[in-house]
Structures are given as C-alpha cells and as structure tokens.
Amino acid sequence: MRRMVDRTFVAMTLAATLVILAMIAIILGNVVIHGRDRLSWEFLTAAPEQGMMAGGIFPAIYGTVLLVFLMSIVAVPFGVLVAIYFAEYARAESRLYRWTRMAVNNLAGVPSIVFGLFGLGFFIQTIGHGIDQVLYPGYLVYGQPSVLWAAMTMAVLTLPVVIITVEETMRAVPQEYREASLALGATRLQTILRVILPQAWSGVMTGAILAISRGAGEVAPVLFTGAAYFLPQLPTRANEQFMHLGYHIYAMSTQSPDVEATKPILYSTVFVLLVLTFLLNLTAILIRNRMGRWTTR
Amino acid sequence: MKGNSRIGAEKGVGKMESAPSRHADSTAADDPATEGQTPFSRPLFPPQSAVRNRIDRLGELFISAVAFVVIAIIFLIFIYVAREAAPLAWRTIDGILLWSPLQTPYTWQPVGGVPKFNILPLIVGTLKVTLIAMLLATPLALAAALYTAEFAPPSLREWIKPAVEVLAGIPSVVIGFFVLIVLASWLQDAFGFQFRLNALSAGIGLAFAVIPLIYTVSEDALTSVPKLYREASLALGASKPQTAVRVVLPAASPGIFAALVLGFGRAIGETMIVLLASGNASMLSLSPFVPVRTLSATIASELGEVVFGGGHYRVLFLIGVVLFLITSLLNWIGARCNRRLRQRLSGAA
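Just so you know, the sequences run in chain order A and B.
Just so you know, the first sequence maps onto residues 1 to 297 in the working numbering.
Just so you know, the second sequence maps onto residues 1001 to 1349 in the working numbering.
Rather than coming from a laboratory, the hints here were simulated on the basis of the structure.
Note that CB positions come from ideal geometry on N, CA and C, so glycine has one too.
A portion of the hints provided could be inaccurate.
In silico contact screen, one side only, chain A against chain B (beta carbon under 8 Å); selected entries [to be verified]:
no., residue
1, Phe78
2, Leu117
3, Val156
4, Asn281
Given these sequences and hints, build the entire structure.
Written out as structure tokens, the structure reads:
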C-alpha cells in the first residue's frame, strides 16, 4: 500500500515535469513549423512592403541589433564597475552596502513597463528636453523618442543582471588569490585588474550575454521610448526612431489590417527572434557550465 | 641558493616599507646579483612606487564615483516615475485628484465625453489574471522542482534544468503571441467560451512566464537542504517520497515561499503577455471567462496616446508607482524568506 502511494506520488511529480517540458515543446514546435515556410535570405535582408503583408524584416533586425549594441556599451562597463565596487571596495557589513545591494536586487524584479515610464520621464522629458533647451532652443531634437533613449532605458533595465552576475563570480574567486597578489607587492587596483577580473571573466561574459538576450526580447520598455511600427529608412542618427523585432511582433499581431495575410510573416519574425534569444541564452549557459570554475553554488 | 633567496625576501620587504617615498629605488629589482637565480627574469609586479600608489587611489576613487552615480540613477527610477504622478496630490488636473481613481463610478473609461478613471476594475483584473496564473503554475512548478531535486536520476536532472531555463529565455512577447494566435483558439474550440481572449487565456500565458521562476527558486531551495537530513530520514525507515514531502519540503519551506512571492511579483507586473492575450476590456467582473484589462497593460496601451502632462498621463504614472511599490514589497519579502532559509540551514547543519 505504502509503495503504491509512493510510486503514484513520484509518477505525479514526473508528470508535472513532463507537462512543463511539453508546453515548451509545443510553443517551440508550433513556431518552428509555421515559421519555416517564409524564412529565406530575402526575408532577412529586405524591408517590409504593402503594410507588412510582403517583404522582409531587415529594418527590425537592424534596429534590434543597434539597440542592443548601444545598450551593452553602456550597461556592461558600468555594471562591471559597480560590481567591482561591491565585491572589492564596499564593506559587506556596512549599512550603505546592504541598502544599495538591496536596491539593485529589487530593481531586477521591477516590472519592465515601469522602466518604460522612467525612460519617458527621465531620459526624454528631463535629459532630452534639457539638451534641446540649451543646444537647440525651439527645436525638438533629443526631447523625443529615439533609439538612443530606448537603449539607455534598456541599459538601466539590464544593469542589475550584469551587476549581480559579475559580483557573484568576483566574490567566488578564492580569497587566497587576493592575498597572494597583495603579498607580491601588487596594489589593490592591480590585483583587481590583473588577478580577480581575469578569473571572473566568465561572469562578465555571462552577465553581458544575459543582458543582451533580455534586451533583445523585452518590448515594454521601448514602447514609448523609441520603437516605431514602420520606418521607410534605417535610422542613421542616435535621435531617430527605430524598428524592433519584439515590437514588430506585437504591432503585427494587434494592429495589422489583415491578420490572416500577415500570419506567415509574423510567424517567421517570431522564429527569428526566438533563434536569436535562444542562441544568446545557450551561449550564456555553456559559458557558465564550462568556464564557471568559481561558482557560488 | 638558500641564502640568496632569503636575502631576496628581505630586500622585497624593505622595499615595500619604504615604497611611497623612494621612487628611484624601484630599478634595484634588476640587481645583477639576483638575476638568473629567480624563476622570473623580471618580477611579476614591479615594486610599489609613489606613482603606482597614486594610480591605485585614483582607481578606487573612480570606481567608487561611478558606482555612486549608477546607484543614484537606480534610486532616481522611483523618484522620476513618482514625480510625473505627484502633481495629482495637490491640484486637480482634468478633473482628477489623487483619490479620484478610487471614487465612483467603478469604471475605467479614459476616452469619451466624461472620462472615468476608476482603477478598481484594473486592480480586480490584475488580481484575477495573477491568481489564475499562480493556481496553474504553483503545483506544476513545485512538483517539477521536487522531481528534479529528489527523484530524478542525475543524468536526467542535467537535462531538465536547462530545458526549463529555455522557457525562461523565451521573450514574453512570443508567449503573448502564441496565446493570442494559437492557444486562445484552441481553448475556445475546446470549451466554447463566449470571448476568445479572456482572463483564463491571459492567466495561462502568464503561467508560462512564472513557472521557470518558481521552479528555479524552489529547486535551489530544495537542493540546498543538507544531505544529512535525507540520510537521517531514510535511516529511520522513511521512503524517498516520504522524506521529500515530510523532511526536505518543510526544511526548504522559506525558500518555497520566496519562490511563490517572487512569482506573484513577476505575474503582477508582466506586461506583454496580458497586453496580447487578455482582450483588454475593463470589466468589473469576477468571472474568469470574460476579457480583462490589467494595470500594466493599461499603461502600455494608453501612454502612447495621452496628452503630455494631462490628467490621464499622470494617472498612468500613478499606476506605475503602484506597480513599483507592490513588486518592491514582494521582492523584499522574497529576499527575506530566502535569507531565513540560509540562516536556518546553516544553523542546523
């Protein structure tokens, strides 16, 4: 009797696991099956035509890559610097450290739509309008949604990811390494730059890739900070709007005049976005598993 | 050989003590007497000097300064979202004051002859969708975490975890798209709902987003329970499932609770899934089969069309403040529970 109950229980937990795995398989399978048809080199390199019902998605890919690039050249260096401060300079028992660390942790759980509000209120209405008033009185140059402000908003969103990942790996580098380096006569800065940071390199890579994959997939923060449904030309300046793969999916599935006609293109766009984020996440997982010599757990 | 190395060591110590004042001396490392006997042709770290120490101090100053600016921006997030909503507290804008979103009639109808800004339907909608998502996600994610941590053979475990992480990596707009285009039609065909998009379809979509989070956090909590607990229980004659449910699960309970709280916080703020899959009509109803409009989706769909600085604009920022505060509170509770789990396990082991 007891063995029966035990077996049923294990079987039920296994069933739950299988249900979750099946859900993943259904989503991925559905997108792969329907997304394959339209996929071609032309689809990836052409611009949309006839109100999104023909052509390709190149401007959206270009805009996403541009956004992610601008975002990471801000988020990664600043994130690493903050992580260095947290792991090497801040005193772990100080109140300042505990409070700021808690703020960073909390930020990682704040809804992404709130970051969109912040980007509009801070970057566009405050910083952008401020620049316009000083440099271009009477004109709207930076005080409007653009790829620059969308990238800054996304950078603030992904900053906690970078900080938390890098700080964890830096803390996991054994204390003996620091002591040995200092005993050899190195200064603290030299120890950090030449001993700790190279050891924690996998953490920096993982943090950067996780940030990029999040930045490529999030839509809510760019809704009002720079993403556009359709643009005839690729953005060439930082204060222009841009097209975005995720936003493209959202816009096509809700605002298209003929949903059935756009479906094949819609599916292929989802396929491209999935492949992109999947590859990024896979790289991060592989780096963590292979190179993660010092993992905290 | 022995003597030489001792002399070398003494020299090094002497240099470190006098380093800041004597810059010229640093070339003494190339002393011909010691050359060839040390394994390195030149020292890994040249001896300290005044310049080096200044660089070190400047470096620390620079890193600290950048860290403080970044942290300041982090605190600015709340301030700038709140700042756009704040004027509602002391003056009426377009007929709206701070407590207008709580006054009768209980309708959210921002566009129209007489705009109505009562956020009660939005709050009910958000809670309804979140509750459905939690009811679906919690048993699945917890059971899967139990299976992975306690019953699965190690070779299988190494496959399940990355697979669930794949689900975590799917952008929420893709999940929203899947529910909108595919799943909602399946559900309507199967159950004959009057509305294709409703609270249930949005809740199922949200469950997809919450499952990986609950799974990962609770699986971590379960695996952090020391092996001793399991061995003691098994030695007393308990079976593996009994051990899992009566020993490991209670020991990990603060971490499990943290997983649920964090999952709840994620579900409340998730935007793109509900925006695509909920039908987006604000009805004050408790039925899970009618369309709903959530707080986050309201911001996402309306902020693009409001007059800058107007009452509607400020109410949307006020909703943002509410979302920020709720999720922060939940994150804080979750972090505290996780800390308690670590304390409990480290104190007992």
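> So which of those numbered hints doesn't the model satisfy?
Replying inline: none
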